[in-house]
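Each chain is listed here by its residues.
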Amino acid sequence: MLFSSISFLYYFLPSVLLIYFVVPKKWRNLVLLVFSLFFYFCGEPVYTLLLVFSSISDYLHSLFIEKYRGTKKARAIMISSVVINLATLGFFKYTDFFISNINFLFGTDIPLLKIPLPIGISFFTFQTMSYSIDVYRGDVKAEKNLLTMGTYVCLFPQLVAGPIVRYQTIAEELQSRTHSLERFASGITRFAVGLGKKVLLANTLGELGSILGKSDATVLSCWLCAFAFALQIYFDFSGYSDMAIGLGAMFGFTFPENFNYPYISTSITEFWRRWHMTLGSWFRDYIYIPLGGNRVSKPKWLRNIFIVWFVTGFWHGASWNFIIWGLFFGVLLTLEKLFYADFLKRHRIFAHIYTLFAVLISFVIFNVDASYGISGTLLGMFGFGGVSAVSAESVYYLRSYAVLLIIGIIAATPLPKIAANKIFSLAGNGKNAALAIVQPVFCGLILILCTGFLIDNSFNPFLYFRF
Amino acid sequence: MNSENKSSKTVKIKNIATIAVFAAITAIIPIASMIMPDLEISKSERRHLAEFPEITAEKIFSSELSGEIEEYLLDHVVMRDGFRTIKSAFQFGVLRQKDNNNIYISDGTVSKMEYPLNEISVKKAARKLNDLREKYLSESAEAGRLFYSVIPDKNYYLAEKGGYLSIDFEKLESILAENLSGFEYIPITDTLSADDYYKTDTHWSQEKIGGVVNRLAERMGFVSEFDINDYEIKLMEPFYGVYYGQSALPLAPDTIYYLTSPVTENAEVYNLETNSNIPVYTTDKFTGMDSYDIFLNGAAAFITITNENSKSDRELILFRDSFGSSLAPLLIDEYRTITLVDIRYISSSLLDQFIDFHGQDVLFMYSVGVWNNSDMLK
Numbered sequence: 365m366l367f368s369s370i371s372f373l374y375y376f377l378p379s380v381l382l383i384y385f386v387v388p389k390k391w392r393n394l395v396l397l398v399f400s401l402f403f404y405f406c407g408e409p410v411y412t413l414l415l416v417f418s419s420i421s422d423y424l425h426s427l428f429i430e431k432y433r434g435t436k437k438a439r440a441i442m443i444s445s446v447v448i449n450l451a452t453l454g455f456f457k458y459t460d461f462f463i464s465n466i467n468f469l470f471g472t473d474i475p476l477l478k479i480p481l482p483i484g485i486s487f488f489t490f491q492t493m494s495y496s497i498d499v500y501r502g503d504v505k506a507e508k509n510l511l512t513m514g515t516y517v518c519l520f521p522q523l524v525a526g527p528i529v530r531y532q533t534i535a536e537e538l539q540s541r542t543h544s545l546e547r548f549a550s551g552i553t554r555f556a557v558g559l560g561k562k563v564l565l566a567n568t569l570g571e572l573g574s575i576l577g578k579s580d581a582t583v584l585s586c587w588l589c590a591f592a593f594a595l596q597i598y599f600d601f602s603g604y605s606d607m608a609i610g611l612g613a614m615f616g617f618t619f620p621e622n623f624n625y626p627y628i629s630t631s632i633t634e635f636w637r638r639w640h641m642t643l644g645s646w647f648r649d650y651i652y653i654p655l656g657g658n659r660v661s662k663p664k665w666l667r668n669i670f671i672v673w674f675v676t677g678f679w680h681g682a683s684w685n686f687i688i689w690g691l692f693f694g695v696l697l698t699l700e701k702l703f704y705a706d707f708l709k710r711h712r713i714f715a716h717i718y719t720l721f722a723v724l725i726s727f728v729i730f731n732v733d734a735s736y737g738i739s740g741t742l743l744g745m746f747g748f749g750g751v752s753a754v755s756a757e758s759v760y761y762l763r764s765y766a767v768l769l770i771i772g773i774i775a776a777t778p779l780p781k782i783a784a785n786k787i788f789s790l791a792g793n794g795k796n797a798a799l800a801i802v803q804p805v806f807c808g809l810i811l812i813l814c815t816g817f818l819i820d821n822s823f824n825p826f827l828y829f830r831f
Numbered sequence: 015m016n017s018e019n020k021s022s023k024t025v026k027i028k029n030i031a032t033i034a035v036f037a038a039i040t041a042i043i044p045i046a047s048m049i050m051p052d053l054e055i056s057k058s059e060r061r062h063l064a065e066f067p068e069i070t071a072e073k074i075f076s077s078e079l080s081g082e083i084e085e086y087l088l089d090h091v092v093m094r095d096g097f098r099t100i101k102s103a104f105q106f107g108v109l110r111q112k113d114n115n116n117i118y119i120s121d122g123t124v125s126k127m128e129y130p131l132n133e134i135s136v137k138k139a140a141r142k143l144n145d146l147r148e149k150y151l152s153e154s155a156e157a158g159r160l161f162y163s164v165i166p167d168k169n170y171y172l173a174e175k176g177g178y179l180s181i182d183f184e185k186l187e188s189i190l191a192e193n194l195s196g197f198e199y200i201p202i203t204d205t206l207s208a209d210d211y212y213k214t215d216t217h218w219s220q221e222k223i224g225g226v227v228n229r230l231a232e233r234m235g236f237v238s239e240f241d242i243n244d245y246e247i248k249l250m251e252p253f254y255g256v257y258y259g260q261s262a263l264p265l266a267p268d269t270i271y272y273l274t275s276p277v278t279e280n281a282e283v284y285n286l287e288t289n290s291n292i293p294v295y296t297t298d299k300f301t302g303m304d305s306y307d308i309f310l311n312g313a314a315a316f317i318t319i320t321n322e323n324s325k326s327d328r329e330l331i332l333f334r335d336s337f338g339s340s341l342a343p344l345l346i347d348e349y350r351t352i353t354l355v356d357i358r359y360i361s362s363s364l365l366d367q368f369i370d371f372h373g374q375d376v377l378f379m380y381s382v383g384v385w386n387n388s389d390m391l392k
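Protein chains in written order, with my numbering: chain A, 365 to 831; chain B, 15 to 392.
No lab work stands behind these hints: they were computed from the structure. Any given hint could be a false lead.
[What the hints assert, rightly or not] As a list, the in silico SDA-like pairs of lysine to any residue whose alpha-carbon atoms are at most 20 Å apart: (1) Lys26(B) - Ser544(A); (2) Lys578(A) - Tyr129(B); (3) Lys578(A) - Gly383(B); (4) Lys175(B) - Val759(A); (5) Lys578(A) - Ile117(B); (6) Lys175(B) - Glu757(A); (7) Lys786(A) - Ala31(B).
With the sequences and hints as input, model every part of the structure.
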């Protein structure tokens, strides 16, 4: 079930909210768990068992880690948790990748298993794994209540596409959380913002790439495809995160931020501090720092960087393009740190152009479904491969989507938020009380408009569901 | 009241209003959707709406059911057309997109971009026509009575002015010319303009195709030219054409004018599929799914029109699409029999079971959309 679907918006969400707020407080986690399992069951009926297994497995592991704390057994149990999680992820996500590479390298003909990828497996295995590690490290206490643990793992707002919420972030709220008009209203607003990003911007930008892909490649169409995809994936994923954070707020949870205007970055280092922040911090805390981070010799430090970026790429998908994508960032980050970080700080305009250009290229590599193919798009962007500069189609679609692209560019900056905050502060100071109407009207309009787009559109994938 | 209290009260009102709006929308829409009886068809989109799916264990455990339920819910949201209008208005008005699902509005007329030219399809259509010539139409070809024409779409006239995409019509013509043998081409683009089509529909208006009939008369040697004064013009309104629903915008409807005369009233029209006689204009169809179906009762694989008082004893076989339904009534006066064949609905390999081919006039008259998507020709 997608957040941006009629069944979620008008049937699932109102039902869960109604029941959640009607039942006594002590039952609320149970309501969330039951609805979350149903939410996952709608998309992955059989794999719901996998989700339940994952929850119970790490629940038990953490209890035993706690029991044997300070002994070698605790370490072994923690390793067992990590191995089970990685094996689950590896089996469902990477088996066919390894088989096809073995077949390619050794000329064997091992049949592919073609196992459907469980939705959100990359997210929930990382959450449960980090939980067991955190218990082992003593950062959190093992949760003794299976219901609470299940609610944490299965919590539908963040279950299938993050943000990656660590147990310690919401441990207290799982026990007791406060609800307020302010929090609920801000949750609705955040959800509406995310829904608008996803349905109005990401989906429409996705259509542009899809339409252009049916025409002959030109330099202009290749750039348009690259540009549209970079904006699409940002609005798609950050929109989902906004919706998740908003839903979390409605139910009294505070989820971590996942995006912070990455396209205003002036270096790749900064970009990754602003893009998919919960994944970046996960790799930092559970891989990079345990490997020694930057407090080791230079060769080891470089090794650590490349391990992290290899894993980052591989996490995104069982395909070489994702690995190359990750390593591409690894190379850029290394070069930045070794050679030109200071130069970028002194030349901010150049630094911004450089960053956007590198990110644009990276997303061409990332977009395995690119209409012209990865190499076709990259070559086409620079006029190679015998493509013409423009065509009637590419000019037409540039004109047709120009306003959307401009809105997309503006919406990817903090400007709309600054404007919204200004309006809310003017409304809040009591001098311009009429402006208080802006927030409810905005939320209502977005909901109505998105409903119209959902009804009339068939293009509604969530890019990050595949990861 | 001090400013702090006032501010706090404003914030509280803002929050309550936000929650109230959200609650109202997310409650009213599903409740109203459930209360309202399910519609079987969407007249504006001209399609059957999804029915509530059958629930089986297999579907539940394959996640097929949730997909089907979503499809059902999407089709039965209360005020569905209103939501589609909102979306369309936003795309045209705010995003300033030039088209919505290839539908655009130019000079108050709705049109659709047929684009790009599918050369493979056009060549395939040409092969189909050549096959038919070889199999059935050799006598007509030898007598020089084998004709074809391409009906331009409205987009042909509107695209350039509005900066929209349209197929390369000249290239389409040249592909057909290169690949068809034994056929004579009758060009008609110069006999039409954008105003000769309905504003909300893909079709031409019958009362405005006199130029087309006269071009056919000139090339096919009719006894007399078309004269609109020979007909009584009747009308039916409002006519909401196929693009009206697809554009989802509140546009002014069209009027269907249809031309009657003693000839059209006395002609005998026989529909082979239903094994029944029908009138030339089935006005009852005006309130149906597609009002354009008043012309020869809508889509049919095989229709014969017999006119005992025709100006000549000649016969015509018209291979046609829906445009032919409004054209054929204007040719009745010229032919003793007109056989309308729509090989989108009947396999061309079966035609000799129903038609005695013996050197009749044969006209293949298809709109651009059919030439460009010729897979539909059987």
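Review point. Given the proposed pairing of lysine 578(A) with tyrosine 129(B), does the C-alpha separation stay at or below 20 Å?
Key: OK: lysine 578(A) and tyrosine 129(B) at ~11 Å, within 20 Å.
**Study point:** Given hint valine 759(A) paired with lysine 175(B) - CA-CA distance at most 20 Å
**Key:** Between lysine 175(B) and valine 759(A) the Cα gap is close to 15 Å, so the pair holds against 20 Å.
Review point. Keeping to a limit of 20 Å between CA atoms, is the pair of lysine 786(A) and alanine 31(B) held or broken?
Key: holds, 19 Å
Check your understanding: Are the Cα positions of lysine 175(B) and glutamate 757(A) separated by 20 Å at most?
Key -> Answer holds: lysine 175(B) to glutamate 757(A) is near 16 Å, not above 20 Å.
Review point. Within a Cα-Cα threshold of 20 Å, do lysine 578(A) and glycine 383(B) meet the stated pairing?
Key: holds, 18 Å
Check your understanding: Are the Cα atoms of lysine 578(A) and isoleucine 117(B) separated by 20 Å or less?
Key -> Holds - the C-alpha atoms of isoleucine 117(B) and lysine 578(A) are around 18 Å apart, at most 20 Å.
Check your understanding: Under the criterion that the straight-line Cα-Cα distance not exceed 20 Å, is the pair lysine 26(B), serine 544(A) satisfied?
Key -> The given pair, whose Cα atoms are some 10 Å apart, holds under the 20 Å limit.
The earlier numbered hints are all upheld by this structure, with none contradicted.
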